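> Position chains Z and L against the provided structure of chain S, taking the given hints into account.
Each chain is listed here by its residues.
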Amino acid sequence: MRGLVTILLAVLTGVFCTVVSFLPPIGSQDSAPNTHITPVYISQSEKDTGSPNVVTGTLADYRGFDTMWETSVMFLSGLTVVLILNKSTVGRRPEKEDDYE
Amino acid sequence: MMKDPFGGIILNIAFRVLVPFSIVYAVYVLIFGEISPGGGFQAGVALSVGVVFSRLILGEDAPFNISGASALILAGIGTFIFVFTGWISVLTGGHFLDYGKLPLRMEHVNEIHAMGILSIEVGVTLCVMATVITILDAIVKRSDDNGSA
Amino acid sequence: MQIYTIEAILLLFLIFITICIIYSRDILSSVVVYCGFSLCAVLLYLMMGAPDVAFTEAVIGTVTTIFYIVALRKIDRWCK
Numbered sequence: 085m086r087g088l089v090t091i092l093l094a095v096l097t098g099v100f101c102t103v104v105s106f107l108p109p110i111g112s113q114d115s116a117p118n119t120h121i122t123p124v125y126i127s128q129s130e131k132d133t134g135s136p137n138v139v140t141g142t143l144a145d146y147r148g149f150d151t152m153w154e155t156s157v158m159f160l161s162g163l164t165v166v167l168i169l170n171k172s173t174v175g176r177r178p179e180k181e182d183d184y185e
Numbered sequence: 003m004m005k006d007p008f009g010g011i012i013l014n015i016a017f018r019v020l021v022p023f024s025i026v027y028a029v030y031v032l033i034f035g036e037i038s039p040g041g042g043f044q045a046g047v048a049l050s051v052g053v054v055f056s057r058l059i060l061g062e063d064a065p066f067n068i069s070g071a072s073a074l075i076l077a078g079i080g081t082f083i084f085v086f087t088g089w090i091s092v093l094t095g096g097h098f099l100d101y102g103k104l105p106l107r108m109e110h111v112n113e114i115h116a117m118g119i120l121s122i123e124v125g126v127t128l129c130v131m132a133t134v135i136t137i138l139d140a141i142v143k144r145s146d147d148n149g150s151a
Numbered sequence: 003m004q005i006y007t008i009e010a011i012l013l014l015f016l017i018f019i020t021i022c023i024i025y026s027r028d029i030l031s032s033v034v035v036y037c038g039f040s041l042c043a044v045l046l047y048l049m050m051g052a053p054d055v056a057f058t059e060a061v062i063g064t065v066t067t068i069f070y071i072v073a074l075r076k077i078d079r080w081c082k
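Residue numbers (our numbering), protein chains in the order written: chain S, 85 to 185; chain Z, 3 to 151; chain L, 3 to 82.
Some hints here could point you the wrong way.
[What the hints assert, rightly or not] Which bits of chain S does chain Z cover? Going by a derived footprint, with three or more residues having C-beta under 8 Å, they are: (1) 119-125; (2) 142-155; (3) 160-167.
[Claimed, not checked] What follows is a list of derived Cβ distance ranges for each label pair: (4) S:Arg86 <-> L:Ile23: 17 to 23 Å; (5) L:Leu12 <-> Z:Thr94: 47 to 53 Å; (6) Z:Phe23 <-> L:Gly51: 26 to 32 Å; (7) Z:Met117 <-> L:Met49: 32 to 38 Å; (8) Z:Ser38 <-> S:Arg147: 17 to 23 Å.
[Unchecked claim] Away from chain Z, derived, C-beta distances all over 10 Å, residues of chain S: (9) Leu88; (10) Leu92; (11) Val95; (12) Thr97; (13) Val99; (14) Phe100; (15) Phe106; (16) Leu107; (17) Ile110; (18) Gln113.
It is worth saying that the hints were derived from the structure and are not from the lab.
In this text, all values refer to a predicted model and were calculated from it rather than measured experimentally.
Each residue gets a CB set at the ideal place from its N, CA and C atoms; glycine is no exception.
Isolated chain S, as found in the complex (with noise of 0.2 Å):
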């Protein structure tokens, strides 16, 4: 089983290395993303959002749908940790009798 594994990482590390030659270079005119719609927003971002930040009025205004729903995300994971962490003995299997009061 171990061989196995280590035969499949290796077959896949040798795929992945032999796709990544192909990827267009980093900062290429010519790619997918820098065709599209990033010259929109590079050229459109101080005069939409008053922000001389692109990535800031990127974030904040183009996609705030996206930031509100990450800050919901956020709010929800501190609310799992304090639920799961907080010494409560509801609904938990007693280890001594004397746990019940």
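Here is chains Z and L on its own, set in the frame of chain S:
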């Protein structure tokens, strides 16, 4: 949160120097997030680092003593600020999160957009700061109750 | 595909740090080496021209190190 101070004298003095710088830098990142790298998320985590440091060196006597329940309420308030900013623009006749329709008196639409972005960044900052404090508080409080510390 | 020398060094160092984290016997040293992993990731993001992501990674690395060390102190497992 933690009943006793954390480290020895070296850690205490080093953290004592770091706390005001961390908090001032977090507010700088929040306000100037529109024109420089940064934003609500980074500002929130830097603020929480300041609060956690002051809690680690002073124990329960820390000046920013936000405990678990109030931190969770603060996170809810932050999320509410974000969503409420979106609903204000709906009430004044725009789309959801359409900052151009916020009821502010300014000359250009750009400035209203900037104010809307700043208000939602404040919401994100409050939510992230309170969430980090809540998680650390839950970890520490659970083990304090077990009596191992 | 052009790649800079220092970028290649940082990427190889990232893999080396990951192997060190996995095979370390001491949990505390794993946590400290993980802080170095975060530093290398920050440098890589800066070289790729994403200062926002680098800033986030630096702050998150600090907070996760604090979390891990507080948790380690609380469970009384400073070393093996």
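> Among all the numbered hints in the text so far, which are the ones the structure does not match?
Violated: hint 1 alone.
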